[in-house]
Amino acid sequence: MTNSEQSSSLDPVTLEMINGALVAACREMGLTMTRTAYSPVFYEGTDYSTGIFDPKIRHVAQAEGCPSQLGALSTMAEWSIKEIGFDDLQDGDVIITNDSYRGGTHLPEFLMIKPIFYEDSLIGFAGNIAHHVDVGGMAPGGFPGTATEIYQEGIIVPPVKMFRRGEEVKEVWKIVLSNVRTAKNSYGDFKAMYGSLVTAETRIRDLAKKYGVGTYLNYLEAIMDHAERLMRKEIQKIPTGKYAAEEYVEDDGVTDDMYTIRCTVTVDRDKMEVDFSGSDRQAKGPVNAPYGVTRSATYNAIFNLVDPEMPHNYGSFRPVRIIAPPGTIVNVDFPGPLNGGQTETHNLIVNAVLKALAQAMPEKVGGAEGGTCLLLTAGGLGLNGEPYVFCIWDGVGWGAREGKDGNNAIVTYCGGHSHNYLTETIENEYPWRINTYELREDSGGFGKYRGGLGVVREYELLGKESRVSAHGNRCKVLPNGLIGGGPGGPSQYLIWKAPGGAYRSPIETSPELKSPTKFSNMIFREADKIKLLTPGGGGYGNPRERDMSLVEEDLINGYISLETAVQIYGLSMDRAKQLVAKYWYPYG
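Using this note's numbering, the letters of the sequence shown map in sequence onto residues 2 to 589.
Treat the hints with care, as some may be off.
Said to hold, decoys possible - Between beta-carbon pairs, the in silico distance windows are:
| id | residue 1 | residue 2 | range |
| --- | --- | --- | --- |
| 1 | 437 | 150 | 31 to 41 Å |
| 2 | 513 | 386 | 24 to 34 Å |
| 3 | 279 | 240 | 16 to 26 Å |
| 4 | 436 | 586 | 16 to 26 Å |
| 5 | 437 | 578 | 19 to 29 Å |
| 6 | 543 | 247 | 16 to 26 Å |
| 7 | 578 | 511 | 35 to 45 Å |
| 8 | 436 | 89 | 29 to 39 Å |
| 9 | 528 | 242 | 56 to 66 Å |
| 10 | 241 | 279 | 19 to 29 Å |
| 11 | 168 | 311 | 38 to 48 Å |
| 12 | 578 | 436 | 28 to 38 Å |
| 13 | 437 | 363 | 51 to 61 Å |
Treat the hints as calculated values from the structure; they're not laboratory data.
Just so you know, even glycine gets a beta-carbon here, dropped at the ideal spot from N, CA and C.
Could you put together the complete structure from these sequences and hints?
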């Protein structure tokens, strides 16, 4: 009897119960991390993913985590366990790694994985990936915008045991914590990751006890087979054919060279091939994507188009083949820099796949989302004299689609369930004040359905000195619209130096810079400011076909300017002035 025949003969109710229990366990893992972590990047940004694996290290269940970690979670887990060796696994062991060249994403994101035993039998693994706010390297926060090799981006930890038979491996802890700027927070965050694995271990053992080990393992196989059948049915809904598209990394921080991501999606009945052959060589600066990022981005794009109830596991991955030639922008060779590949290039890879599939299913694909996390990282001494490091991102506008405007101020494709940082969190944790935080007028792409809006956020340093770095995109190549829709507005960093300064771009502030959105270790002193303007999403359809009541509503809400309402959408000047007078200046 084949695996497929065996799995189809199992009770579907029991299958759903076990699958639901595994997904619930993954969600509980995430809650454990959120509630016990030390750093806002965990408990505020929720930048992590959790998963459960079978004894062959096949991904069986995942909670709603960061899509940028979707494929890398399984790739890193498989690589790590095979490198350690099955014969060297004992009850209580925990393995960590952050090596991007071993199936990972970027150095700030550590994988932690624990083998699960029941009555001396290995019945699976629990794992998580989580973003640590600092990993050493040349700049606080892990994102030097001008790095030229991975060694400048942080400590590289190959797969090693952090716990052996339930006891901390003190030498490993010492090495890792000696290479970060905020060791106390890192220690607490690692312990939060460990706690989530212990939570999963308890739930998995409960399932093995309830159903029996043999039955439990048979249903794991059935869960993956079921997901594969669902994915094949979804792919069959896409017209068979070959669809190509391009996206662009506008510069790499070290040069002003542009890099092209070339993507060809071939749909053949119930399977799909996504081929990035022809993409440009790897970049000199830190915008390269390792294979784990490209794999995650490809699945991310596909899961944006299929049934939202689709399980995320090994089975749903099986019908999709990915080709990413080594030495290119989508599969960097060692020791190329790559930390920005996860937060920036990931989004562009997603959009390249979606642009290609828009030719086959334009009714399901929207305009591009903002496409950049527009990262801001900084480090120094807090007002209490203790060292701090932060890594902060903001929401962007998402693209409009058939029948629907884009969402405002949502984290990019790579962020998934990650949250925007609250002003209160930033001001409570760090010596920075938020002077402005608002939606950005006219940043959404024009169209019959308008792209979502980006945001404006201004930071002012209250401490004595801080080293600030940035990594963004979409300043030069804007988020595209579809079917006649306009592009989203561009991103921008603006810097104001006290006293009596004026806002200028980073290049105007430091003429040696090659990029307006990537820099490292710029010195800020008390009262200096930086303003981030995130991009909007692309529009969908001809703006002259937009419902005029929606145009008026946008004008009233301040989403569009008077000039845009009149010149782009065709609202009469008299009506526009009347609305502005009534709603913008009701008291004269």
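Status of the hints after comparison with the structure:
In this structure the hint that residue 437 and residue 150 lie 31 to 41 Å apart at CB holds, the actual value being about 37 Å. The given range of 24 to 34 Å is respected by residue 513 and residue 386, whose C-beta atoms sit roughly 33 Å from each other. Checked against the given bound of 16 to 26 Å, the beta carbons of residue 279 and residue 240, roughly 23 Å apart, stay inside it. Against the hinted window of 16 to 26 Å, the Cβ-Cβ separation of residue 436 and residue 586 comes to about 23 Å, which satisfies the hint.
Take residue 437 and residue 578: their Cβ atoms lie about 27 Å apart, and the range 19 to 29 Å holds. Roughly 24 Å separates the CB atoms of residue 543 and residue 247, a value that falls within the hinted 16 to 26 Å. Between residue 578 and residue 511, the C-beta spacing of about 43 Å keeps the proposed range 35 to 45 Å intact. Our hint of 29 to 39 Å for residue 436 and residue 89 is violated, since their Cβ atoms are close to 54 Å apart.
Residue 528 and residue 242 have their C-beta atoms about 58 Å apart, which keeps the hinted 56 to 66 Å range intact. The supplied range of 19 to 29 Å is met by residue 241 and residue 279, whose beta-carbon atoms lie about 22 Å from each other. As the Cβ distance of residue 168 to residue 311 is approximately 40 Å, the hint placing it in 38 to 48 Å holds. Take residue 578 and residue 436: their Cβ atoms lie about 31 Å apart, and the range 28 to 38 Å holds.
Checked against the hint of 51 to 61 Å, the C-beta distance between residue 437 and residue 363 comes to roughly 37 Å, which is inconsistent with it.
Checked against the numbered hints above, the structure violates hints 8 and 13; every other hint is satisfied.
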